[in-house]
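Undergrad: Chains as they are written, first to last, in our numbering: chain A, 1 to 386; chain B, 1 to 255.
There could be a bad hint or two in this list.
[Claimed, not checked] Derived list of chain B stretches under chain A, where covered just means 3 residues or more per stretch with a C-beta under 8 Å from a C-beta of chain A: (1) 50 to 62; (2) 124 to 134; (3) 196 to 207; (4) 210 to 220; (5) 223 to 237.
[What the hints assert, rightly or not] Residues on chain B that point at chain A, a partial pick, calculated with CB under 10 Å: (6) Asn43; (7) Asp76; (8) Phe77; (9) Pro80; (10) Val83; (11) Asn121; (12) His147.
[As the list claims (entries may be wrong)] Derived pair list, reagent style DSS-like, types lysine-lysine, alpha-carbon separation capped at 30 Å: (13) A/Lys273 <-> B/Lys57; (14) A/Lys273 <-> B/Lys109; (15) A/Lys273 <-> B/Lys59; (16) B/Lys81 <-> A/Lys273; (17) A/Lys273 <-> B/Lys215; (18) A/Lys85 <-> A/Lys224; (19) A/Lys273 <-> B/Lys54.
By construction, these hints were calculated from the structure, which means they are not laboratory data. Positions of the beta carbon are idealized from the N, C-alpha and C atoms, including for glycine.
Each chain, letter by letter, is given below.
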Amino acid sequence: MFMLEKAVVGSRRYWIWVGCLLAVILAGFLCYLLQLQVGLGITGMSRDVSWGLYIAQFTFFVGVAASAVMVVLPYYLHNYKAFGKITILGEFLAVSAVTMCMLFIFVDMGQPMRVLNVILHPTPHSMMFWDMVSLSGYLFLNALISYVMLESEREGVAPPHWIKPIILLSIPWAVSIHTVTAFLYNGLPGRAFWLTAILAPRFLASAFAAGPSLLILLAMVIRKLTKFDAGSEAIQKLALIVTYAMLINVFFVLMEVFTSLYSNIPADASHLKFLFVGLDGNTELVPWMWTSVTFALLSLVLLIVPRYRKNEKLLAFTCVIVFLSLWIDKGIGLIIGGFVPSPLETVTSYVPTLPEITIVASIWAIGMLMITVFYKIALSVRHQLG
Amino acid sequence: MSIDRRKFLGVAAGASALVLAGKASVDALASGSQPKQGGSLANTRWAMVIDPAKCLKDKGCTACIAACDKVHNIPDFKNPKHVVKWIWKEPFKDAFPEQEDEYTIEQYKDKPFILMCNHCNNPPCVRVCPTQATFRREDGIVMMDWHRCIGCRYCMAACPYGSRSFNWLDPRPHIAHLDPDFPTRTKGVVEKCTFCEERLARGEGPACVEACEAKAMVFGNLDDPDSEVRQLLKARFSIRRNPELGTQPEVYYLV
């Protein structure tokens, strides 16, 4: 059934890894039961910072999910053969990341049993309705595409013709998921930090840097552990995509900084001040944000200079810092920074609690488990396991 | 648990009876205050006019807040991060951050102003709610359906006035004096001021207005040209919070 039988046979190393992930998932599940019993009060969120790590992680992983388009588009629209072997990895990454997004939304709900009210009372004027439509559509498209492609590979036949238009549809759909996610934030009148038309383009740029970085790292790990080699041409091309996307992302961020600081409208500038120098003595995010800036600038040097980019050991390090830089920027700063200061200019500190972090970690572990199982299935089909 | 549930169902039954009686009573109330228009939800637009000068005469007074907390079973969470408030006081400079002029506001900046849900004509919270659990009634009241709310808190992000509170924990153990005439809420839902729609349905005014001895708050129908609120807004200059956002608040502050 769905080739899942290939995931339940494996080496000792495979089972130890899966066991570790399951342990983290179990810990998170227990914390979630506590949250279900006691309420979201067990998190660090508050009346003023009413969204925290859950929604921030959701935002970041929508980007990772959308980035699959960066391998699908060159392969299917430009017939770029070097990506042939890794499109399936990109699509499986998308399926895992979208599932994580849905879980992050779900654990953030105050009344999760009522979540189907979104379908029972469909509300087109709410961007959250469209986010649900675009995310579930994207999950369906990528699950279908990767299954059909892998199945025909296993059977040794050409993929059915009807799958091509579906693959083409998944390309604009990937752009749509991150655009709609940006729209969640940038249509809110009282939140100056998000009220910027460049939010969606910026989301896409950072997604197309973070996602392919992760894909490069995954390809390198797989090459170490198995006989599957994505090929240095594919990795180098992905690195070039990361380079351009990271440049555009930093450019967009600087646009934001200029507009906010030079116009000097207090409501706009105060969020940046909170993030980068602290506000009213509250500096908890300052070291994080400067780490993000340092990693971003360092990664640009390592990406732009061809000698550094072509050194694969160095490239692995670069991909790690690109990923971390954007994770801090989007997975922490963007959401928390939007709430502080509040529209009433209150500065409220937000520090995630241990149960909250455990729940986040367990959703990460679910994502990693999905990636592990999917990639194992894909490589088993290709008889390329080590 | 079962007692809670039964008690809750009882209150819910009472509430639905009230809703049934509600339309008729609102009609009666509206026609009472505006004989010329006949009165119905459609030609009623509720608004609040606050006179800060009267309110500030006794800065320590919290009668309106206490009255609201009491009739609405508002929990008293000790943790400031979890606080639930429908009506509260905030220093002028935070309530009106766009009023920047340091000389004009010098004497006002730290003075407490009464804040509540603005019952916007163009409410961003209603626009973003994915389940229509929060909605605008024809008479302008922005309402909450606590049984439909999924607790996504999108409305809290959308409200530019900080008027919405979330039940981070079960509120029931934190209610000082339970009023059986009003529903309690469950954990995980958002709540806020409703202009005392349950009292309007009975032909009474909002609890905060009634409790204010200084008569600093006036509540009425903006669609009635003879109403006290219209007369006040005609006679005196007033400001609203963040009017540049286009939300069109229905709470006015007399200058």
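Undergrad: Indicate, hint by hint, whether the structure satisfies it.
TA: Here is what the structure says about each hint:
no. : hint                  : in the structure
1   : 50 to 62              : violated (count 0)
2   : 124 to 134            : holds (count 8)
3   : 196 to 207            : violated (count 0)
4   : 210 to 220            : violated (count 0)
5   : 223 to 237            : violated (count 0)
6   : Asn43                 : 25 Å, violated
7   : Asp76                 : 14 Å, violated
8   : Phe77                 : 8 Å, holds
9   : Pro80                 : 8 Å, holds
10  : Val83                 : 6 Å, holds
11  : Asn121                : 13 Å, violated
12  : His147                : 8 Å, holds
13  : A/Lys273 <-> B/Lys57  : 37 Å, violated
14  : A/Lys273 <-> B/Lys109 : 23 Å, holds
15  : A/Lys273 <-> B/Lys59  : 33 Å, violated
16  : B/Lys81 <-> A/Lys273  : 23 Å, holds
17  : A/Lys273 <-> B/Lys215 : 42 Å, violated
18  : A/Lys85 <-> A/Lys224  : 16 Å, holds
19  : A/Lys273 <-> B/Lys54  : 38 Å, violated
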